[in-house]
Amino acid sequence: MDKLKVAIVQFPGTNCDRDTYHILNDVLKADVQVIWHEDLRMDAFDSAVIPGGFSYGDNLRAGVIAAYSPALGQLRKAGEDGKPILGICNGFQILVESGLLPGALLRNSGLRFVCRWVNVRVEAGNSLFTKFSENGTILKMPIAHNEGRYYAEDDLLASLERNGQIIFKYVDEGGQPSEPSNPNGSVSNIAGVSNHDGNIVGLMPHPERASESLLSPFRTTHGLQIFTSMLRSVEVLLKR
Amino acid sequence: MAGLPRFRIDVFITNKPAIRDPEGESILEDLAILNGFESVKSIRTGKVLAMEIEAENVEIAKSKVIEMCDSLRLYNPVVSSCSVRVAGG
Amino acid sequence: MAGLPRFRIDVFITNKPAIRDPEGESILEDLAILNGFESVKSIRTGKVLAMEIEAENVEIAKSKVIEMCDSLRLYNPVVSSCSVRVAGG
Amino acid sequence: MIFSLTRNELLAIENGMKREPNDVELAIFDAQWSEHCSYKSSRTLLSLLPTRGKRVILGPGYDAGILDIDNNQIITIHIESHNHPSAIDPYGGAATGVGGVLRDILGVGTRPIAILDSLRFGDIEKSSHSRWLFKNVVRGIADYGNCVGVPTIGGEVEFDESYERNCLVDVVCLGLGRRKEVVLAEASHPGDILILVGGRTGRDGIHGSSFASRDLASGSDERSAVQIPDPLTKKIILEATLKAHSNGYVRGLKDLGGGGLACALLEIADKGRSGLDVDLSRIHVREDGMSPAEILISESQERMLFVVKDEFKGEVSAIFRRYHIQYSIIGKVTGSRRLVVRVNEAKVADVPVDLAARAPLQLWPSKRPKYLDSEGSIEKPPLPRNINETVIRVISSPNLASKKWVYEQFDYDVGLHTVLKPGDSGASVLRITNDKFIAISLDGRPNHCYRNPRQGAMSTVAEAARNTIAVGAEPIALVDHLQFGNPSDPEVFWTLSESIKGIAAYCRFFDLPCVGGKVSFYNEDADTNRAIKPTPVIAVLGLLKGARQIRSRKLTRNGRMIVLVGLTENELGGSEYYRYIHEISGGIPPKLDFDRERGAQRLVGDAVRVGLLDAIDDCSSGGLIAAISKMCIAGRIGAHIELEKILSDCKRWDDLLFSESQSRFVVTLDPDNYQGLANIAKNHQIPCSVIGNVEGNKLMLTNNGDEIFSEDVYTLEKTSNDKIPSIMGH
Ligand SMILES: Nc1ncnc2c1ncn2[C@@H]1O[C@H](COP(=O)(O)OP(=O)(O)O)[C@@H](O)[C@H]1O
Ligand SMILES: [Mg+2]
Chain A
1 MDKLKVAIVQ FPGTNCDRDT YHILNDVLKA DVQVIWHEDL RMDAFDSAVI
51 PGGFSYGDNL RAGVIAAYSP ALGQLRKAGE DGKPILGICN GFQILVESGL
101 LPGALLRNSG LRFVCRWVNV RVEAGNSLFT KFSENGTILK MPIAHNEGRY
151 YAEDDLLASL ERNGQIIFKY VDEGGQPSEP SNPNGSVSNI AGVSNHDGNI
201 VGLMPHPERA SESLLSPFRT THGLQIFTSM LRSVEVLLKR
Chain B
1 MAGLPRFRID VFITNKPAIR DPEGESILED LAILNGFESV KSIRTGKVLA
51 MEIEAENVEI AKSKVIEMCD SLRLYNPVVS SCSVRVAGG
Chain C
1 MAGLPRFRID VFITNKPAIR DPEGESILED LAILNGFESV KSIRTGKVLA
51 MEIEAENVEI AKSKVIEMCD SLRLYNPVVS SCSVRVAGG
Chain D
1 MIFSLTRNEL LAIENGMKRE PNDVELAIFD AQWSEHCSYK SSRTLLSLLP
51 TRGKRVILGP GYDAGILDID NNQIITIHIE SHNHPSAIDP YGGAATGVGG
101 VLRDILGVGT RPIAILDSLR FGDIEKSSHS RWLFKNVVRG IADYGNCVGV
151 PTIGGEVEFD ESYERNCLVD VVCLGLGRRK EVVLAEASHP GDILILVGGR
201 TGRDGIHGSS FASRDLASGS DERSAVQIPD PLTKKIILEA TLKAHSNGYV
251 RGLKDLGGGG LACALLEIAD KGRSGLDVDL SRIHVREDGM SPAEILISES
301 QERMLFVVKD EFKGEVSAIF RRYHIQYSII GKVTGSRRLV VRVNEAKVAD
351 VPVDLAARAP LQLWPSKRPK YLDSEGSIEK PPLPRNINET VIRVISSPNL
401 ASKKWVYEQF DYDVGLHTVL KPGDSGASVL RITNDKFIAI SLDGRPNHCY
451 RNPRQGAMST VAEAARNTIA VGAEPIALVD HLQFGNPSDP EVFWTLSESI
501 KGIAAYCRFF DLPCVGGKVS FYNEDADTNR AIKPTPVIAV LGLLKGARQI
551 RSRKLTRNGR MIVLVGLTEN ELGGSEYYRY IHEISGGIPP KLDFDRERGA
601 QRLVGDAVRV GLLDAIDDCS SGGLIAAISK MCIAGRIGAH IELEKILSDC
651 KRWDDLLFSE SQSRFVVTLD PDNYQGLANI AKNHQIPCSV IGNVEGNKLM
701 LTNNGDEIFS EDVYTLEKTS NDKIPSIMGH
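Protein chains in written order, with the working numbering: chain A, 1 to 240; chain B, 1 to 89; chain C, 1 to 89; chain D, 1 to 730.
For the record, the hints were derived by calculation from the structure and aren't laboratory data. In this text the structure is predicted, and so the values were computed from the model without any measurement.
A partial selection of chain B residues facing chain A, derived with a Cβ cut-off under 10 Å:
#	residue
1	I19
2	P22
3	L49
4	L74
5	N76
6	V79
Each residue gets a CB set at the ideal place from its N, CA and C atoms; glycine is no exception.
Based on the provided sequences and hints, a complete structural model is requested.
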């Protein structure tokens with residue numbers, strides 16, 4: 001069987017492409033390639049990751065300029081075909097700005113960039129990206145962003161909850177989505193959401209930075225769960 | 001195509017009233033009021049884009065800019081509103 | 001002290017004309033022009049602070065706001081210029 | 001145009017050229033002979049610094065120092081400051097400071113992998129101006145480094161009123177590359193072509209470098225010195241440059257910094273022993289009507305100069321086009337040893353490279369400062385009555401309190417290198433491979449240097465070195481940044497020369513090469529004309545093999561024994577305790593005994609290598625108590641210290657706890673390992689005292705059984721974390 005292929009999409013200003021590549025390629029031995037956004041053809045790939053960074057310098061709003069790249073047309077189509085797509089940090093912002101994911105990401109309520117290791121609770125276990133984590137599992141991962149305050153109007157929020165589209169929440173050590181554990185003022189402590197079909201997921205925390213024990217203050221590798229789950233899901237999809 | 005006149009159009013982007021504006025709140029509370037400017041009652045922050053655009057006339061210029069605001073999402077309609085004004089007044 | 005009228009004053013903060021505005025350049029080149037709005041010739045970004053202030057009259061309101069912008073360093077005069085406008089027009 | 005050339009310099013130019021220079025030529029000399037570019041006041045002194053070592057591939061003299069870390073891997077390092085621009089535009093000044101040092105690392109063909117920053121401001125508790133500077137400088141560094149995707153992994157911040165109107169903003173950058181791929185700022189092959197790449201050239205920053213070389217007060221033309229950061233363009237140029245370089249197309253590379261194109265051209269011609277012929281009309285400019293001189297000295301950001309073999313110009317241009325980067329082919333390398341500048345082919349300047357590249361030395365008189373007589377011996381301050389309150393005030397003073405408020409604004413993880421992150425220990429640790437690591441620490445001790453610049457500078461190096469040793473590394477090189485007032489003031493010049501002698505003495509004794517640095521003058525208060533305290537800032541780089549060797553200050557478990565390595569003497573001059581509690585800046589600062597320092601360093605190094613030690617911290621600003629409380633906070637675990645067991649001649653508890661004696665470490669270990677440590681200590685003839693245990697959740701001090709201090713570690717942590725946010729408003 002052909003190995004499944006993952007594209008890492010690179011925009012001007014993307015800066016976590018090499019890190020994400022390192023984890024997928026060197027640690028997980030996946031077949032992965034960094035693709036300049038103008039060159040992305042999703043026919044050749046089974047899945048895509050939009051990594052973090054500052055596409056177009058966050059000018060105007062984080063993610064908005066990249067949302068007009070032809071790459072987003074490719075990703076939209078791939079999403080409709082059911083291919084798993086993961087947006088990390090700026091990737092999440094791009095997916096939201098292009099309408100592939102619901103809601104909005106606003107400037108942090110603390111008005112500053114925040115880099116910090118946080119606790120992230122899995123709200124929707126057994127999804128394409130959380131196959132190996134049960135509901136309520138706590139993942140230690142770092143965040144590093146300026147515009148990560150997730151916002152959705154009440155109706156949307158209710159429907160996200162109903163459909164199980166809220167995938168990750170910020171929680172405290174005790175696993176509760178408390179006020180102090182919310183690093184950016186996100187509504188309902190939301191750290192990551194999916195589209196209606198569940199194959200497109202965006203999250204603000206950086207799983208690629210939490211995938212090697214050497215780099216984790218807790219010697220954990222929780223981020224790997226997200227990537228391995230994504231790779232496994234593609235395999236399953238391919239077999240069908 | 002040469003010789004079209006240029007117009008300056010300003011686009012204002014502000015959070016909708018229902019959306020919190022932590023920056024405005026912080027300028028009001030941590031700066032203005034703390035430093036004795038109590039007569040200031042509210043502050044909301046926003047963004048301006050001052051554009052120069054070539055068009056046949058000012059109406060066309062304005063409508064082009066409005067079209068651009070919507071189609072390129074210069075503002076995020078979920079959370080912000082946008083207004084357009086011919087500058088120079 | 002009660003009963004002073006309220007005024008809405010908008011403060012605009014922009015880089016001085018001789019000083020570059022990379023954000024505006026990027027919005028122009030990477031967004032507007034790339035997506036077909038070639039008639040737009042320049043974009044400069046700035047910040048608005050929309051304030052509500054109580055004062056005896058509009059002139060006093062305006063001068064209070066100017067005083068506040070300067071003394072609280074809401075902008076850095078070395079880099080930016082600041083202008084004030086009575087809103088509602 | 002205003003020139004700052006002196007009469008003698010003008011004469012030297014005329015003699016050298018054998019004619020009167022024209023205005024364009026004068027502008028070139030003016031830029032290149034500025035203090036900033038020519039080091040004319042400091043060159044002679046700087047030559048005292050040892051620069052050779054077994055790992056040194058390239059020492060001072062180029063954009064960055066280059067070190068061999070085995071297996072064909074190299075680390076590059078450079079330090080820059082942006083003090084004067086930051087004083088008037090803290091946001092843009094600090095951001096473009098980061099941009100500048102990133103370019104230096106890129107300039108030798110290596111990828112920047114880490115930034116450290118060393119910041120100094122006035123008293124933020126008293127001065128809203130200093131709060132404004134602090135807030136915007138930090139945001140400027142954050143916005144730039146975060147966007148470019150280079151992690152800011154460490155640094156230091158100090159508040160002292162001597163920096164009220166002249167903040168210091170120093171940035172160190174590290175790069176990683178392969179030994180075979182080093183490229184230098186040289187144009188050595190006639191016929192090669194010159195490509196200017198990146199942002200358009202405009203009028204910004206004109207006279208920036210001569211601006212930094214004059215007093216801030218006389219900077220009448222401040223406005224034009226404002227530089228606007230553009231990290232997005234920098235990031236794109238960085239990727240394009242590394243791409244072109246990795247394909248082997250680039251023969252020489254030079255970043256455009258202080259002095260703009262003029263200095264860049266002179267430098268590559270000088271180093272390459274060649275000449276250049278360029279045409280300014282080919283340059284992509286931002287505004288019309290710029291004069292040739294303006295184009296030559298513009299300090300517009302985000303530009304690089306490439307020297308490329310003629311046959312590759314198509315390939316290189318294609319890379320720039322692909323990334324949508326502007327570029328201009330501006331001329332070529334010649335064999336003439338002259339820099340010829342044209343506009344539309346007509347010659348506008350023609351200067352001999354050898355003459356222009358070597359500014360005449362500027363000699364200054366030197367005199368020991370008067371203040372050293374008056375403040376030498378001071379009366380001991382009264383013993384504070386409340387120990388708990390005093391200790392807590394010192395360890396949560398803005399200088400010693402947690403800097404979380406600062407480093408949480410920095411993306412310190414991007415790049416997947418950062419093992420020990422800011423706040424974890426005195427030095428940060430970067431992964432190069434899974435068993436090779438780099439440690440780095442950046443330090444300044446102006447309060448010691450102020451009292452005794454030679455001792456103070458030595459102690460500064462020692463402290464930075466100890467910090468790298470405390471994380472398990474071995475120091476391999478340093479870079480220095482010397483920040484002083486006006487060099488024409490003999491007292492200022494004396495402090496400079498003493499500081500350099502101190503650094504040089506350390507380097508010689510410890511065989512630690514200096515591979516780069518920077519000098520910044522005219523750091524003085526515009527209102528009072530008072531110079532800042534002498535502020536040499538030192539970054540020491542260490543190498544560490546094997547992940548198991550990495551140590552941190554984090555206390556790990558109950559029952560570990562706490563040992564103090566070294567002797568605590570009655571050395572309170574220049575201490576944080578005197579400054580913050582008693583407002584005393586006088587007194588004799590701690591002295592550094594090289595033999596003792598070496599013994600302590602080797603003791604810890606040996607003990608780490610054989611796996612005896614658990615947590616380690618260096619004992620410095622704030623004394624023993626500051627070190628121990630940081631260790632407790634990092635590990636979120638308590639400790640019990642028995643003061644009578646501390647080896648010391650101090651009679652008072654405040655002297656004992658706050659003394660800043662050099663050559664000390666606090667270490668913890670399994671009691672079973674104690675005999676091993678004692679043996680090593682004996683070999684190195686260094687005293688060690690067992691001073692307590694790791695236990696519980698309180699930091700407790702007892703003296704012969706009487707409790708004299710006790711505080712919850714949780715409370716200590718919270719007090720420390722809240723200090724700066726509470727001053728800054730949130
Ligand atoms: N204090 C110092 N100690 C040692 N070397 C120094 C010092 N100051 C400057 N240098 C060296 O002089 C050279 C020129 O410095 P710099 O002006 O920063 O380079 P550039 O002009 O390429 O940016 C560098 O190699 C630097 O390392
Ligand atoms: Mg330099």
